[in-house]
Amino acid sequence: MKPPTQAPLPERTSRWRWLWILPRLAFILFVGGVALLLWMSDRADKEERRTTLISDILWLEQNLRFHLTRNEELLGRIDLVHTSDGKAFETFARTLFGFESGLRQVIWLDPEGKIVQAHPAAMDPNLVGEAIEAMPSRQSFRLARSLGKPVYSAAYPFFTNDWQFEVHVPVSREGRVVGVAVGIYRVRDILGDSVPWWLAERYRISIVGDSGKILGTRSKIESAVTDEGYQVAFDPPGWGLALHAVPYHAPRPLASVLLSTSLVILAMIVLGSLWILRRHVLRRQAVEEQLRQEHAFRKAMEDSLDTGMRARNLDGEIIYVNPAFCRMIGWSASELIGRRPPMPYWVDDYLDETRAIHDRVLAGEGPGEGFELKFKRRSGEVIDVLIHEAPLIDARGQHSGWMGSMVDITERKQAAERARQQQDRLQSTARLVAVGEMASSIAHELNQPLAAISSYCTGASNLLRNHAPATEVLPALDKAVEQAWRAGQVIRRIYSLVRPSGNRFEKILLGERIDAALGLLDADIRQNGIRMTLDLLDHVVVDGDPVLIEQVLFNLLRNAIDSMQDSGPELRQISIGLNCAEGYARLTIADRGCGIDPGAVDKLFDPLFSTKAEGMGMGLAICRSVVENHRGRLSFESNPGGGTTFRILLPLAMQ
19 MKPPTQAPLP
29 ERTSRWRWLW
39 ILPRLAFILF
49 VGGVALLLWM
59 SDRADKEERR
69 TTLISDILWL
79 EQNLRFHLTR
89 NEELLGRIDL
99 VHTSDGKAFE
109 TFARTLFGFE
119 SGLRQVIWLD
129 PEGKIVQAHP
139 AAMDPNLVGE
149 AIEAMPSRQS
159 FRLARSLGKP
169 VYSAAYPFFT
179 NDWQFEVHVP
189 VSREGRVVGV
199 AVGIYRVRDI
209 LGDSVPWWLA
219 ERYRISIVGD
229 SGKILGTRSK
239 IESAVTDEGY
249 QVAFDPPGWG
259 LALHAVPYHA
269 PRPLASVLLS
279 TSLVILAMIV
289 LGSLWILRRH
299 VLRRQAVEEQ
309 LRQEHAFRKA
319 MEDSLDTGMR
329 ARNLDGEIIY
339 VNPAFCRMIG
349 WSASELIGRR
359 PPMPYWVDDY
369 LDETRAIHDR
379 VLAGEGPGEG
389 FELKFKRRSG
399 EVIDVLIHEA
409 PLIDARGQHS
419 GWMGSMVDIT
429 ERKQAAERAR
439 QQQDRLQSTA
449 RLVAVGEMAS
459 SIAHELNQPL
469 AAISSYCTGA
479 SNLLRNHAPA
489 TEVLPALDKA
499 VEQAWRAGQV
509 IRRIYSLVRP
519 SGNRFEKILL
529 GERIDAALGL
539 LDADIRQNGI
549 RMTLDLLDHV
559 VVDGDPVLIE
569 QVLFNLLRNA
579 IDSMQDSGPE
589 LRQISIGLNC
599 AEGYARLTIA
609 DRGCGIDPGA
619 VDKLFDPLFS
629 TKAEGMGMGL
639 AICRSVVENH
649 RGRLSFESNP
659 GGGTTFRILL
669 PLAMQ
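Counting in this note's numbering, the sequence shown runs from 19 upward without gaps.
Hint data in this document are derived by calculation from the structure and do not stem from the laboratory.
From a predicted model like this one, the values you see are computed outputs, not experimental measurements.
There may be inaccurate statements among the hints.
As the list claims (entries may be wrong) - Derived lysine-lysine pairs resembling BS3-like cross-links, with alpha carbons at most 25 Å apart:
1. Lys431 with Lys394
2. Lys105 with Lys132
3. Lys431 with Lys392
4. Lys132 with Lys167
As the list claims (entries may be wrong) - Derived Cβ-Cβ restraints for the label pairs, each shown as a range:
5. Phe654 with Gln545: 23 to 29 Å
6. Pro385 with Leu554: 52 to 58 Å
7. Thr279 with Thr113: 17 to 23 Å
8. Arg345 with Phe654: 20 to 26 Å
9. Thr428 with Ala314: 39 to 45 Å
10. Ala599 with Asp442: 28 to 34 Å
11. Ser73 with Val196: 39 to 45 Å
12. Arg438 with Ala408: 30 to 36 Å
13. Arg438 with Leu670: 23 to 29 Å
14. Ser73 with Pro138: 35 to 41 Å
15. Arg297 with Thr428: 51 to 57 Å
16. Thr606 with Gln583: 20 to 26 Å
17. His417 with Arg297: 49 to 55 Å
A virtual CB, placed ideally from N, CA and C, is assigned to each residue, including glycine.
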């Protein structure tokens with residue numbers, strides 16, 4: 019399973035930079051778009067209100083102009099009959115007042131400007147501005163008479179908070195001005211009559227003089243006004259008058275408020291989401307970086323291993339192999355991943371055995387301590403591998419397959435076989451050395467029975483020549499046969515020591531092997547005047563090779579004899595003890611010799627190390643190897659009375 023190819027660091031950095039810039043840029047654009055949308059919506063709303071304001075004020079201006087023009091026409095149609103009679107004039111004036119024209123007084127002036135008729139006739143003595151005798155305006159009268167068309171006067175105060183102006187309409191009959199009809203308007207009344215209620219609810223309508231002074235206002239509701247307004251010239255009547263409308267503060271439409279609130283909430287949600295996403299991405303980056311480091315560390319570790327690793331899923335399909343496994347068998351990872359049994363590295367002669375252990379592993383019944391199999395390299399070479407299988411657990415904690423570790427033990431097994439063969443050769447050599455060392459004592463031991471045989475045979479021959487009875491000859495011959503059997507036993511023991519052994523384990527009595535070893539060394543024991551002390555438990559049975567056990571006992575006893583060459587006669591003693599404890603046979607051989615040099619303690623069992631000038635250094639090494647091969651232990655310690663004590667522990671034979 020190949021690791022994912024990682025992008026170079028600069029490319030990944032650039033990519034992450036763009037990944038950070040894009041969402042931030044998108045958020046900025048989104049916030050800008052929301053702000054722009056709100057601004058455009060507010061501006062469109064203002065433009066719409068302004069357009070409505072202009073449309074309404076222009077409509078009002080046209081409506082006022084229509085009323086003023088209509089009043090001009092009505093005043094110009096006055097009949098002279100009406101001007102000559104007070105009642106008729108009053109009727110005519112009331113007709114004008116009934117059209118909500120804004121007129122509050124009508125006056126008829128003769129061509130000289132004198133008041134002929136007036137309705138209502140009473141004038142308030144508290145007028146400010148022009149005096150009563152100056153009303154109507156003489157200037158406007160003369161101008162209207164000379165021009166022959168309606169003329170408006172300037173506004174002037176009426177009481178304290180009200181203003182009014184006049185319209186002078188010349189009346190001609192047969193080409194001659196017969197008089198001037200004067201209509202007097204009050205600013206507050208004209209606004210009250212001409213401005214509809216629905217317009218007054220939207221705006222504060224004012225008539226402003228040329229100096230900016232408000233002459234009159236029309237409003238039906240009390241509310242704060244905005245700073246925005248619109249002003250249009252009030253012509254007629256002119257003289258710097260203007261209509262000014264200011265809209266009231268009105269609550270924003272619910273839909274607009276909901277839209278703005280929704281956009282703000284959405285922007286906050288997007289900002290929160292971006293922050294959460296940023297934290298998540300940062301954590302993910304940290305985890306990915308840690309994962310890359312762990313992956314690089316694991317890959318470096320796996321690449322440095324000599325142990326082959328192979329992963330399989332629950333169907334037996336290979337899903338991962340490491341480089342060591344590929345080197346071990348010679349196939350590449352691409353050739354192995356995805357393969358199902360039989361595998362190309364299975365040995366043809368062991369297909370059934372390999373398939374059986376493969377099925378056991380997949381079933382979860384594989385040996386926990388590992389198992390050995392034979393694999394085939396791509397070159398055809400067969401190798402031995404030691405395999406340990408373990409469950410493969412995925413991230414969810416579920417069993418998804420098996421991971422196997424494999425070690426090539428071909429050289430190890432070959433080395434073990436060579437070591438075994440070398441051990442056999444060393445044991446054979448040691449036996450030859452032991453036989454050589456025993457040659458003199460064996461020759462002496464053989465000479466004794468041979469000499470006895472010769473004596474007994476000579477005596478029997480002499481008796482026969484003297485015609486002695488058979489009863490005298492037979493005892494001599496029986497003794498000769500006994501000595502011949504003794505000589506044969508010596509020869510057979512020598513032959514057993516020299517010939518190779520195949521580790522033929524059997525149940526043996528340690529007591530008999532001790533007697534046999536002592537029998538081989540009997541001549542040396544007598545020659546050196548050594549006293550033997552035996553404390554042997556009867557019927558101690560162990561499983562082992564009798565020849566090898568006898569060789570170990572012979573080597574240890576021979577070393578004990580040699581260690582006492584320089585000891586006094588009174589100290590030459592060997593003690594042999596044999597007992598049982600905790601399932602083991604315990605054998606001790608204690609001498610009173612020179613002991614072990616402290617400098618040689620750690621190397622005593624090393625091969626080719628010897629404390630004897632003529633020794634080969636193989637005796638004790640072979641003894642330990644033989645004892646350990648029998649699942650026992652060989653050790654030594656100093657003898658409190660002087661010399662050395664060797665201890666042998668061997669497991670007792672199962673009954």
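To see whether the hints hold, each was checked on the structure:
1. Distance restraint check for Lys431 and Lys394: the Cα-Cα separation of roughly 16 Å lies within the 25 Å cut-off, and the hinted pair is therefore satisfied.
2. Our distance criterion of 25 Å between C-alpha atoms is met by Lys105 and Lys132, whose separation comes to about 19 Å.
3. A threshold of 25 Å between alpha carbons decides the hint, and for Lys431 with Lys392 the separation of about 12 Å falls inside it, so the pair holds.
4. Proposed proximity of Lys132 and Lys167 is supported: the alpha carbons are some 19 Å apart, at most 25 Å.
5. Range check, Phe654 to Gln545: Cβ separation about 26 Å, and the 23 to 29 Å hint holds.
6. Restraint check, Pro385 to Leu554: a C-beta distance of roughly 44 Å breaks the suggested window 52 to 58 Å.
7. Range check, Thr279 to Thr113: Cβ separation about 58 Å, and the 17 to 23 Å hint is violated.
8. About 47 Å separates the C-beta atoms of Arg345 and Phe654, a value inconsistent with the hinted range of 20 to 26 Å.
9. A C-beta distance of roughly 32 Å is found between Thr428 and Ala314, which places it outside the suggested range of 39 to 45 Å.
10. Ala599 and Asp442 have their C-beta atoms about 32 Å apart, which keeps the hinted 28 to 34 Å range intact.
11. Between Ser73 and Val196 the beta carbon distance is about 43 Å. The supplied range of 39 to 45 Å therefore holds.
12. Between Arg438 and Ala408 the Cβ separation comes to about 32 Å, which falls inside the hinted range of 30 to 36 Å.
13. Against the hinted window of 23 to 29 Å, the Cβ-Cβ separation of Arg438 and Leu670 comes to about 26 Å, which satisfies the hint.
14. Distance hint check for Ser73 and Pro138: the Cβ-Cβ separation is about 38 Å, which falls inside the suggested range of 35 to 41 Å.
15. For the pair Arg297 and Thr428, the supplied restraint of 51 to 57 Å holds, since their beta-carbon distance comes to about 55 Å.
16. Distance hint check for Thr606 and Gln583: the Cβ-Cβ separation is about 22 Å, which falls inside the suggested range of 20 to 26 Å.
17. For His417 paired with Arg297, a C-beta distance near 35 Å fails the hint of 49 to 55 Å.
Checked against the numbered hints above, the structure violates hints 6, 7, 8, 9 and 17; every other hint is satisfied.
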